[in-house]
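S.K.: Both chains are given apart, each in its own frame, so use the hints to dock them into the complex.
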Amino acid sequence: MKTFARHLPHYMLLFGILLAGFAGLVIFSYDKNFQFGVAVATSVAYVFWGIIHHLYHKDLHFETVLEYIAVAVLGLTILFTLILH
Amino acid sequence: MQLIKFLRHLFVPHESNNQKAKILHSESLITIAALLISFQLILNFTGKTFPKVLGYASNISPSDIITLTNQQRVANGLLPLSTNSVLSNAAVAKGNDMFAKGYWAHFAPDGTSPWSFFLGFGYKYRYAGENLARDFSDSSSTVNAWMNSPSHRENILNSNYKEIGVGVVNGTLLGAQTTIVVQFFGAPLTGVPSIPVAQAKEITTASPLPKPTLAPIPVANTPIPSPATASETTTYVSPFASTKNLSLGIIGTLLLVLSIDLIVVRRKRIARIGGRTIAHLAYLGMILAVILILKAGNIL
Numbered sequence: 001m002k003t004f005a006r007h008l009p010h011y012m013l014l015f016g017i018l019l020a021g022f023a024g025l026v027i028f029s030y031d032k033n034f035q036f037g038v039a040v041a042t043s044v045a046y047v048f049w050g051i052i053h054h055l056y057h058k059d060l061h062f063e064t065v066l067e068y069i070a071v072a073v074l075g076l077t078i079l080f081t082l083i084l085h
Numbered sequence: 086m087q088l089i090k091f092l093r094h095l096f097v098p099h100e101s102n103n104q105k106a107k108i109l110h111s112e113s114l115i116t117i118a119a120l121l122i123s124f125q126l127i128l129n130f131t132g133k134t135f136p137k138v139l140g141y142a143s144n145i146s147p148s149d150i151i152t153l154t155n156q157q158r159v160a161n162g163l164l165p166l167s168t169n170s171v172l173s174n175a176a177v178a179k180g181n182d183m184f185a186k187g188y189w190a191h192f193a194p195d196g197t198s199p200w201s202f203f204l205g206f207g208y209k210y211r212y213a214g215e216n217l218a219r220d221f222s223d224s225s226s227t228v229n230a231w232m233n234s235p236s237h238r239e240n241i242l243n244s245n246y247k248e249i250g251v252g253v254v255n256g257t258l259l260g261a262q263t264t265i266v267v268q269f270f271g272a273p274l275t276g277v278p279s280i281p282v283a284q285a286k287e288i289t290t291a292s293p294l295p296k297p298t299l300a301p302i303p304v305a306n307t308p309i310p311s312p313a314t315a316s317e318t319t320t321y322v323s324p325f326a327s328t329k330n331l332s333l334g335i336i337g338t339l340l341l342v343l344s345i346d347l348i349v350v351r352r353k354r355i356a357r358i359g360g361r362t363i364a365h366l367a368y369l370g371m372i373l374a375v376i377l378i379l380k381a382g383n384i385l
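These protein sequence lines map, in sequence, to chains A and B.
The first sequence begins at 1 in the numbering used here and counts up by one.
The second sequence begins at 86 in the numbering used here and counts up by one.
Calculated from the structure, these hints are not laboratory results.
Take these hints with a grain of salt, some might be off.
[To be verified] Derived lysine to aspartate or glutamate pairs resembling EDC-like cross-links, with alpha carbons at most 20 Å apart:
no., chain 1, residue 1, chain 2, residue 2
1, B, K107, A, E63
2, B, K380, B, D223
3, A, K32, B, E239
4, B, K380, A, D31
5, B, K329, B, D223
[Said to hold, decoys possible] Calculated Cβ distances over 12 Å to all of chain A for the following chain B residues:
no., residue
6, S101
7, E112
8, V159
9, S170
10, V171
11, N174
12, K186
13, S236
14, T257
15, P273
16, I336
The model shown is predicted, which means the values in this text are computed figures rather than measured ones.
Backbone N, C-alpha and C fix where the C-beta goes; we use that ideal spot for every residue, glycine too.
Extracted from the complex, chain B is given alone in its bound form (with noise of 0.2 Å):
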């Protein structure tokens, strides 16, 4: 009997809570906000205490996402591109190198350009661009997350390109396991008047970038951890998900509420000061469909 008269004052306009329910009450929300806060802080606490928790699963394949970007490539009317081997090696060392310096960026902590790969490998470019991805599932939603973006569509779309090499690397990044992908577009010099790398005449990249570095840096000389594959990826605990299904119980349990409360209200013709719960309704109604449609990926 305690419990329903609970449950009623949590969830039913009722005069034990001024004829709104307890949760739809200011305090409530901002208590609400405060406790998905406090679950993201022990998310980022389990991250960095115990690695191995958090993780995204993912089934990425080089040759899928090779394959996925001269389909968009024939599509809209350019060449597919060849897969070089050389590329994918040191596409495969800057995955690597973002996992051992921890970082998610197109240029390392210590100023480490993504040219310095394709040169450090040996191969040396007329024309050379990255795009990066990590926290996907699949190789499809990738490869369309960057064809949303239009810098990144730039890239997969650009004529200047002939080859192309993409590494798929697991690893922890920022306390959550994880797949980064790494996909490296280059135009060889061979084949074309010799021009020094140091005066090529364009980089296209993701985003705007610096001139490469115009000295080759030797990274092939540094270790390469070998790259664990997707596979051997262990996932217990994904942030993305565990935040978007507590967000959509939120959201669904608020919803709910707001519904019964219009029908209450209407039916009893309650007289009270408050917002408008078709308001309400309709911005919750915009954060829930905004939350079945956000999916976990970053891209750069």
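Just chain A, same shape as in the assembly (with noise of 0.2 Å):
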């Protein structure tokens, strides 16, 4: 709890952009050619926002910028595979 306390202003930006990327996809849920962009727009924030946070730490290392990619494209192709039907 320590950490995310001394984390606490970067984690309140990461939850204001995944915030953002929920309500476009449900306020634009008529459009979805719109919620294509929402989706990939809110899981590349998330991805930039993990590099730019373990920089900003300097604990950034390749394997991290692929874990925050690969949970990005699980994610993402979770919400393709839904939007598409």
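M.R.: Dropping the structure here:
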């Protein structure tokens, strides 16, 4: 929890990004193209948040970047498969 | 014993998995994504090879759609639309045409416009509009989806329209059994100064569309397959529901494993290279919330 408290401003930004993405996906549910755009933008923002966050804390490694990309790819795949239906 | 070791390796941080559950490793996550894509390909293949296997169960009736549409109009200070059987027949013909030609659009691949169905059934209009929906389970969610879309809402709440006709048609579209709902709006030429159809001033549609076809196309003369009723739909596997359930299972498992990871790493004070577990939890939590809210159904 100490780590979380120390990174609170960063996490607040991340939660803001994710909340905006969630709102965009729900509000624009009638426009699938827009939903695709919101899903990609949110996932890319998540990866960049991870890179910048670890860069700021001087613990950025190639494996870490790969991990954020892998989580984002999985999340995007799930959203795409559902939006496509 | 071997099974327990395997499960621990898969789900709990341990020496065997470099202090991170194997399922959380990047290659495992990419593998899961690849498996999900493969599942979608199998669904598509199944739809094309065995068209009677996939489908969406629906309980939609034209009268409910009309009632709900009129409720929305009255709630917004507009007069209700009167049901016109000619428009309803034209809407059913449009639905059948979509199944017969295999398209999901306002215009058929051969260029047939929505307005040709109006004119083909002898409905000369001053104003005309069309809303389309498919894969919905009930009338209420169909009308709600239209009301949430600005362009479709504009059609429903357009004061120029006086009459409505709704066609609910079942069939196989793009490999899956589904129900298409066609909502036709119109204001007839009768009772207004005679204006040739070709000079109709305004056509309001669900999405930006070209001006209506000027010459009536005799759609009424084309054979119309008898529409199946919603109750006749035989649904075995819903592509959306199966994908949603699988996605919920994957995300639920990952969230659980990430939570275990968070606790174990804190307790054992494990130092390792990797992303922030809380960040992953937040991102996948957002995906979970979206999965829970997303519903089947497309509008056009």
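S.K.: Which of the listed hints are broken here?
M.R.: 7, 13, 16
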